[in-house]
Amino acid sequence: MKNRLKVLRAEKDMTQADLADSLAVSRQTINAIEKGKFDPSLPLAFKMSKLFELPIEEIFQNNE
Amino acid sequence: MNKEVVKATKNLALWTILWVASLALATFGPKFLWEENTILSILTIAINSALGAGMIWANVKHLSVLDELQKKIQLDAMGIALGVGIVGGLSYSVMDISNVISSNAEIGFLVMLISISYMVALLIGKKRYA
Chain A
1 MKNRLKVLRA EKDMTQADLA DSLAVSRQTI NAIEKGKFDP SLPLAFKMSK LFELPIEEIF
61 QNNE
Chain B
1 MNKEVVKATK NLALWTILWV ASLALATFGP KFLWEENTIL SILTIAINSA LGAGMIWANV
61 KHLSVLDELQ KKIQLDAMGI ALGVGIVGGL SYSVMDISNV ISSNAEIGFL VMLISISYMV
121 ALLIGKKRYA
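Top line first, the protein sequences correspond to chains A and B. In terms of our numbering, the first sequence opens at residue 1 and continues consecutively. In terms of our numbering, the second sequence opens at residue 1 and continues consecutively.
What the hints contain is simulated information worked out from the structure, not anything from laboratory work. Incorrect hints may have been included.
What the hints assert, rightly or not - Capping the alpha-carbon separation at 25 Å, the derived lysine-lysine pairs in PhoX-like fashion look like this:
{"id": "1", "chain 1": "A", "residue 1": "LYS37", "chain 2": "B", "residue 2": "LYS72"}
{"id": "2", "chain 1": "B", "residue 1": "LYS61", "chain 2": "A", "residue 2": "LYS6"}
{"id": "3", "chain 1": "B", "residue 1": "LYS3", "chain 2": "A", "residue 2": "LYS2"}
{"id": "4", "chain 1": "B", "residue 1": "LYS10", "chain 2": "A", "residue 2": "LYS35"}
{"id": "5", "chain 1": "A", "residue 1": "LYS6", "chain 2": "B", "residue 2": "LYS126"}
{"id": "6", "chain 1": "A", "residue 1": "LYS47", "chain 2": "B", "residue 2": "LYS10"}
{"id": "7", "chain 1": "B", "residue 1": "LYS127", "chain 2": "A", "residue 2": "LYS37"}
{"id": "8", "chain 1": "A", "residue 1": "LYS47", "chain 2": "B", "residue 2": "LYS3"}
{"id": "9", "chain 1": "A", "residue 1": "LYS12", "chain 2": "A", "residue 2": "LYS2"}
{"id": "10", "chain 1": "A", "residue 1": "LYS50", "chain 2": "A", "residue 2": "LYS35"}
This one's a predicted model, so the numbers in the text were calculated from it and none came from an experiment.
Extracted from the complex, chain B is given alone in its bound form (with noise of 0.2 Å):
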């Protein structure tokens, strides 16, 4: 890996680090810090925003300084995340709104299944141009 492509990704895992921790605290803030304190929930809610858009300006950078191969898995992978996404958020959707669930649909769920959509093509993909 070039220096660049090192860079990118640490600096990628950087924002994304910074943006769960502070997606944890406000979402876990309000119960055990500050006891519900709406100015306090703003602006964290408000920098957490802030992070994950610079988390997503850390992933463009990224997928602009790898290689045409790299960006061909990588791209591949987030289109088939992305439509797992909504194929699967969609019909977990209907799922709730026709009561074939008992519980209600929670993002939770699709984050998950986005995210394990996004590794297991990654991994093919790696493994296809291995």
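Looking at chain A on its own, in the form it has when it is part of the complex (with noise of 0.2 Å):
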């Protein structure tokens, strides 16, 4: 799954920490996340969407 956490980060100006503060979850998995290696559960992709008050398929989108 892509996704563009990497550019909404930036946008907002934070670092990974900052952000892997925000959403309670360590800076390797927001790593993880924004390299495509590790795909959110639902409920952490919710909490992405309020921090960045996007939704879901503007941060996420399917390969297929």
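Fit chain to chain and form the complex, with the hints in mind.
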């Protein structure tokens, strides 16, 4: 699954550590999601959606 | 790492140290400290079992505070270690029964096999998602 997390984070001028703190996850988790190595759970995706004030489908795009 | 994870990790480390120390006492105490006194041996084994239960509880607590990726890495590693332990342990036991190996099968080798496979799987998991 592709995502715009890195771009959205940069737009908010946040580091991976800042975003990790805001979402109560580790920096490694944010890094893995940004690189597309790990897909977040639905609750975590909703947290991101709330934080960036965007619908989930504008943050994550299916590869298919 | 957030404070909750640090606290749970320290708690798990403390329970593990206590359990290992009590295991050493229960193992070597009868020979070197209390000359085969059965009551003291039973007491130390009971304490070791109780500390073991505490360590299991601390491990469950530790897993519960990890985030979803950390939890996945841990559970993957535990699954691999369990599989390697069962398959490797039974193969080792069969080798003993069928006299393929000259010495008796020792539980210590199984513990080492599980520990090493867990640590290797954990490192691979950490590297994969780094």
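These are the hints, each one checked on the structure:
Distance check on the hinted pair: LYS37(A) and LYS72(B) sit about 13 Å apart at the alpha-carbon level, within 25 Å; holds. The straight-line distance between the Cα atoms of LYS61(B) and LYS6(A) is roughly 32 Å, outside the 25 Å bound, and the hint therefore fails. A distance of roughly 31 Å separates the Cα atoms of LYS3(B) and LYS2(A); the hinted pair therefore is violated under the 25 Å criterion. About 30 Å separates the Cα atoms of LYS10(B) and LYS35(A), which puts this hinted pair outside 25 Å; it is violated.
As the CA atoms of LYS6(A) and LYS126(B) are separated by approximately 21 Å, the hinted pair is consistent with the 25 Å bound. Only pairs whose Cα atoms come within 25 Å are accepted, and LYS47(A) paired with LYS10(B) is rejected, the gap being roughly 29 Å. Pair hint LYS127(B) plus LYS37(A) holds up; C-alpha atoms about 11 Å apart against a cutoff of 25 Å. With a C-alpha separation of about 20 Å, the suggested pair LYS47(A) and LYS3(B) falls inside the 25 Å cut-off, and the hint holds.
Annotation: proposed proximity of LYS12(A) to LYS2(A) holds, straight-line Cα distance about 19 Å (limit 25 Å). A C-alpha spacing of about 21 Å is found between LYS50(A) and LYS35(A), which places the hinted pair at or below 25 Å, so the restraint holds.
Hints 2, 3, 4, 6 from the earlier list are contradicted by this structure; the remaining hints agree with it.
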